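Engineer: Below are the chains, spelled out letter by letter.
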Amino acid sequence: MSDLQYKVVVGLEIHVQLCTKSKMFCGCAVEFGAEPNSRVCPVCLGMPGVLPVMNRLAVEYAILAGLALNCRIARRTKWDRKSYYYPDLPKNYQISQYDLPLSAEGYIEIPLDDGRTKKIRITRAHLEEDAGKNLHAEGNYSQVDLNRTGTPLLEIVTEPDMSSAAEVRALAVELQRIVRYLGVSEADMQKGHMRFEPNVNLIITRGGRQYKTPIVEVKNLNSFRSLERSVEYEIGRQIDEFLETGRTLEIGNKSTRGWDDVREITVLQREKEEAHDYRYFPDPDLVPVEVDEAWLAEIQSRLCELPLARQRRFAEEYGLSAYDAGVLTAERETADFFDQAVRAGGEPKRVCNLLTQVGMKLANEKGGGIARLGPSTQAVAELAKMIDDGTVNATAAGTIFAEMVATGKNPAALADELNLVQKSDAGELEAMVDEVLAANAEAVADVRSGGKKAGKARGFLLGQVMQRTKGQANPKVVSEILGKKLG
Amino acid sequence: MEVLSLRALRDNIAAGRTTSVEAVRMVLERIGRIDTMVGAYISVFEEQALARAAEIDGRIAAGLPVGALAGAPVAVKDNMCTAFGATTCASRILKNFQAPYDATVVGRLSAADAVIVGKTNMDEFAMGSSTENSGLRRTVNPWDTGRVPGGSSGGSAAAVAAGLCAAALGSDTGGSIRQPAAFCGVVGLKPTYGRVSRYGLVAYGSSLDQIGPLTRTVEDAALLMNVIAGHDPSDSTSVCESMAPVSDYLADLDRPVEGLRIGVVSSLNAGADPAVVKALDEALAVYRPLGAELIEVELPHFDYAIAAYYVIATAEASSNLARYDGVHYGHRSKQAEDYVAVYSKSRAEALGQEVKRRIMLGTYALSSGYYDAYYLKALKVRNLIRTDLVSAFERCDCIIMPVAPTTAFNIGEKTDDPLQMYLSDIYTISANLAGIPGISIPCGFDGRGMPIGMQILSPAFSEDRLLRIARMYERQTQWHQRRPDMG
Ligand SMILES: [Zn+2]
Chain G
5 MSDLQYKVVV GLEIHVQLCT KSKMFCGCAV EFGAEPNSRV CPVCLGMPGV
55 LPVMNRLAVE YAILAGLALN CRIARRTKWD RKSYYYPDLP KNYQISQYDL
105 PLSAEGYIEI PLDDGRTKKI RITRAHLEED AGKNLHAEGN YSQVDLNRTG
155 TPLLEIVTEP DMSSAAEVRA LAVELQRIVR YLGVSEADMQ KGHMRFEPNV
205 NLIITRGGRQ YKTPIVEVKN LNSFRSLERS VEYEIGRQID EFLETGRTLE
255 IGNKSTRGWD DVREITVLQR EKEEAHDYRY FPDPDLVPVE VDEAWLAEIQ
305 SRLCELPLAR QRRFAEEYGL SAYDAGVLTA ERETADFFDQ AVRAGGEPKR
355 VCNLLTQVGM KLANEKGGGI ARLGPSTQAV AELAKMIDDG TVNATAAGTI
405 FAEMVATGKN PAALADELNL VQKSDAGELE AMVDEVLAAN AEAVADVRSG
455 GKKAGKARGF LLGQVMQRTK GQANPKVVSE ILGKKLG
Chain C
-16 MEVLSLRALR DNIAAGRTTS VEAVRMVLER IGRIDTMVGA YISVFEEQAL
34 ARAAEIDGRI AAGLPVGALA GAPVAVKDNM CTAFGATTCA SRILKNFQAP
84 YDATVVGRLS AADAVIVGKT NMDEFAMGSS TENSGLRRTV NPWDTGRVPG
134 GSSGGSAAAV AAGLCAAALG SDTGGSIRQP AAFCGVVGLK PTYGRVSRYG
184 LVAYGSSLDQ IGPLTRTVED AALLMNVIAG HDPSDSTSVC ESMAPVSDYL
234 ADLDRPVEGL RIGVVSSLNA GADPAVVKAL DEALAVYRPL GAELIEVELP
284 HFDYAIAAYY VIATAEASSN LARYDGVHYG HRSKQAEDYV AVYSKSRAEA
334 LGQEVKRRIM LGTYALSSGY YDAYYLKALK VRNLIRTDLV SAFERCDCII
384 MPVAPTTAFN IGEKTDDPLQ MYLSDIYTIS ANLAGIPGIS IPCGFDGRGM
434 PIGMQILSPA FSEDRLLRIA RMYERQTQWH QRRPDMG
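Chains as they are written, first to last, in the working numbering: chain G, 5 to 491; chain C, -16 to 470.
For the record, the hints were derived by calculation from the structure and aren't laboratory data. None of these values were measured; they are calculated from a predicted model. Where a beta carbon is used, it is the ideal one built from N, C-alpha and C, also for glycine. A hint or two may mislead.
[To be verified] With a straight-line cut-off of 25 Å between C-alpha atoms, the simulated SDA-like cross-links for lysine to any residue are:
| no. | chain 1 | residue 1 | chain 2 | residue 2 |
| --- | --- | --- | --- | --- |
| 1 | C | K363 | G | D281 |
| 2 | G | K223 | G | D244 |
| 3 | G | K353 | G | S483 |
| 4 | C | K339 | G | H280 |
| 5 | G | K137 | C | K360 |
| 6 | G | K86 | C | D321 |
| 7 | C | K328 | G | D149 |
| 8 | C | K339 | C | A268 |
| 9 | G | K86 | C | K397 |
| 10 | C | K339 | G | Y10 |
| 11 | G | K195 | C | K363 |
| 12 | G | K216 | C | D321 |
| 13 | C | K363 | G | V271 |
| 14 | G | K86 | C | K363 |
| 15 | G | K195 | G | V271 |
| 16 | C | K328 | G | Y10 |
| 17 | G | K86 | C | Y353 |
| 18 | G | K122 | G | Y10 |
| 19 | G | K25 | C | S219 |
| 20 | G | K82 | C | K360 |
| 21 | C | K360 | G | G31 |
| 22 | C | K317 | G | D244 |
| 23 | C | K363 | G | S100 |
| 24 | C | K363 | G | Y102 |
| 25 | G | K86 | G | Y10 |
| 26 | G | K489 | C | K397 |
[To be verified] Chain C regions said to be covered by chain G (calculated; three or more residues, Cβ under 8 Å):
| no. | stretch |
| --- | --- |
| 27 | 214 to 228 |
| 28 | 344 to 353 |
Could you put together the complete structure from these sequences and hints?
Structural biologist: Below you can see the structure in the form of structure tokens.
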């Protein structure tokens, strides 16, 4: 056992719900939490005689995501029917894309914990319609809610390029950030906008030989936590199983497991991969989609700087820490706000601190993004400049920011109004320092002795001056005066 | 009282010589008297039809504008959805099904002020050539009640022939308008695929299905085409009018096609009854003095049409009919112990033999391992047939051939031999596979007094010329004026 080594191999299938107003093939509203079966029409109910009509915006969103994932965009694609019987699928076939996916052969770059990045290959990304929801009620029956039926989904399939649970999580988080940046999905986990299905197995080396464990697909995970934990769990479980049974990967022994959120374990659902025959064939009710040069160019023009590139730029160009750059780029709105405030003349680190330490907290409390908080990017830049030139200190700036949110007034006016302008007048401060030195002879002696207590005593004296000025003295100026007087 | 043509009737109503109520009442009276014998209708909307007629009469009396059909009584095949009454497809699985919407053609009929008097019998889900596959009713041929009316639009053809409506709509997937029109001695037009919206037509073979008129005269067919043809945004396969403009099919109807070149395929006559061949020869002789030139053309892949058709149509049907599962609407088995049994038992109990046979054929053709050998190969054959026709039309304006190898056969004659039944579609199927229009017009009677039809095929979207060519013949002959003696 001691000589056992293993490598983790994970590929992901991700379903991302696109945020179009209407469904993929009918005019019904895409809406979460509406009265069951209230967002339906004959088309999404699969009534006899209905025909689907493609939602062009959903295709554009899917292409945009494909471009961001560095995929090759198909110039001609089509719709296929995938047949299977299930009560939440009214037509008993799903309109999907089989052999001509809209996007293929791309990659996503994910940030790793050590600051490096890793490229995970994307096999394909195609569009399809979602099914409804079966509600298993008490008693001997189930109910079906078809509000979700026909919602546009982007199914993204990666190559098995991830080698830890942390990488799997990083990919999921990065993908969420990307689709939100592009504005193609709200990617709200609570609303099931992103669903994950990792395929996990291990390559075990023992006694100089290599063994591959059977692949396990964990179904329908809808949080980053359950995704990460389920992969972690599978790694442990598969090692145990290998030691116990020695079972290795064979054709047809891929199994499906579900995630038990309470016990935090995966549970076997299907032992052997069923020979599913979905009888794919081109949907005769829809015409093939031609993506011409002009259309593609138009969609391409909507691409924005992607989050990871932006995070890198914030760190390199503005000298922000990786952590701060990550926080600022988590949402496009924050990153845009930061960029604009910096462009308006705010010193990047000051702006960063104002946003991460004050602005984002206030925005969170209000339950909205930073842009909707109130203060303009110019006002925040101005506030940053006031810290820089010593007009106010950082603490006062925080107070001013909060007041800007509350009153909508500009920072200079508020600094005056709230009496928060720092005292930097050397003459005035010198007199105050003299008073403090006179009143604290012991501390003065400690400083002058240059002994162990000197540093602490100097801090004490500075604090005394600040207290007298009610925090409005510019600590830099006070420090300089103290230095001059105490040598 | 003589049952008039649609054109004459609407002219008379519009001019105040008769009323819509009078016309509708007469048709309802005839239905009450003889439809117990003919069996053309699955449902009749007596009250609604009279109310609608009265409303239209009111408008005419007030001098207000009325639509092109001015209150004339028409029938629609029971596979077109109506927001009123049931839409059964002559299947027990939809016996009590109430559609929540009107098919596009139904909406167009109503907008043209047609009065829909009832919905006509058919082979279950339009699968059949004799209407004997109806799960709800038997329809007989008005010319000989021991014979079939043809199918699958047998109810519509019989209703027109027996004067139980002024005109009717049918649907044609492999000959289902043209063959019953020939068997019942009326005019039947299958338009180009994409000319008439399929929205609301319960799908059988989606890439082949097309709605068209069954009428007493070529002029009536042109009149109905004026009402139903045109682009529909709800049907992605309906063709944009910018690509193929819709003509006023009545405008030039009486103008003969000058220098008409008629394509004939002599080799095809071998499979037809001598009476049919003779009638066709005589019909061609009618065209000659009108300046027509007969040109021998070849359709090398004609013999493969039936095989290709029964793969493509059944493959599409197996998917289209998957939704009739007892879960959301339609018949649900009372014996089902779980949801899988709801599917299997509901379908086993309520679908007819022929429908089950075709679902199985189609499921097989789409199954993995067989797809290439059957479905894909059938698509290739379809292309060859289309190419054959396109090259034939480089040399001629139309092709004339029989509609069916025989006249109407006896009830029960072919029900035990599905292959014999399939062969009765041999002349009509190619037009569906190629998507081109075809018309069947009366051209004589056999020794037993059963009507014979002549089929004219023309290039895609040339319905205007096709109707003119048919009209040239109709003006020279009286076959279309004969009516069965129904008392
Ligand atoms: Zn809908």
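Engineer: Are the hints correct? Go through all of them and say.
Structural biologist: Results for each hint:
1. C:K363 / G:D281: holds (23 Å)
2. G:K223 / G:D244: holds (21 Å)
3. G:K353 / G:S483: Judged against 25 Å, a Cα distance of about 23 Å means the pair holds.
4. C:K339 / G:H280: Distance of about 22 Å is within 25 Å: holds.
5. G:K137 / C:K360: Judged against 25 Å, a Cα distance of about 38 Å means the pair is violated.
6. G:K86 / C:D321: Within the cut-off at roughly 23 Å; holds.
7. C:K328 / G:D149: Between K328 of chain C and D149 of chain G the Cα gap is close to 23 Å, so the pair holds against 25 Å.
8. C:K339 / C:A268: violated (45 Å)
9. G:K86 / C:K397: Status violated; Cα separation ~36 Å.
10. C:K339 / G:Y10: violated (53 Å)
11. G:K195 / C:K363: violated (46 Å)
12. G:K216 / C:D321: Given pair K216 of chain G, D321 of chain C is violated - Cα atoms ~39 Å apart, limit 25 Å.
13. C:K363 / G:V271: violated (47 Å)
14. G:K86 / C:K363: Judged against 25 Å, a Cα distance of about 22 Å means the pair holds.
15. G:K195 / G:V271: holds (24 Å)
16. C:K328 / G:Y10: violated (50 Å)
17. G:K86 / C:Y353: holds (16 Å)
18. G:K122 / G:Y10: Since the Cα atoms of K122 of chain G and Y10 of chain G sit roughly 20 Å apart, the hinted pair holds (cutoff 25 Å).
19. G:K25 / C:S219: holds (20 Å)
20. G:K82 / C:K360: holds (19 Å)
21. C:K360 / G:G31: The hint is violated at about 36 Å.
22. C:K317 / G:D244: Cα-Cα ~48 Å, so violated.
23. C:K363 / G:S100: Given that 25 Å is the threshold and the Cα spacing comes to 23 Å, the pair holds.
24. C:K363 / G:Y102: Given that 25 Å is the threshold and the Cα spacing comes to 20 Å, the pair holds.
25. G:K86 / G:Y10: violated (37 Å)
26. G:K489 / C:K397: violated (120 Å)
27. 214 to 228: holds (count 5)
28. 344 to 353: holds (count 4)
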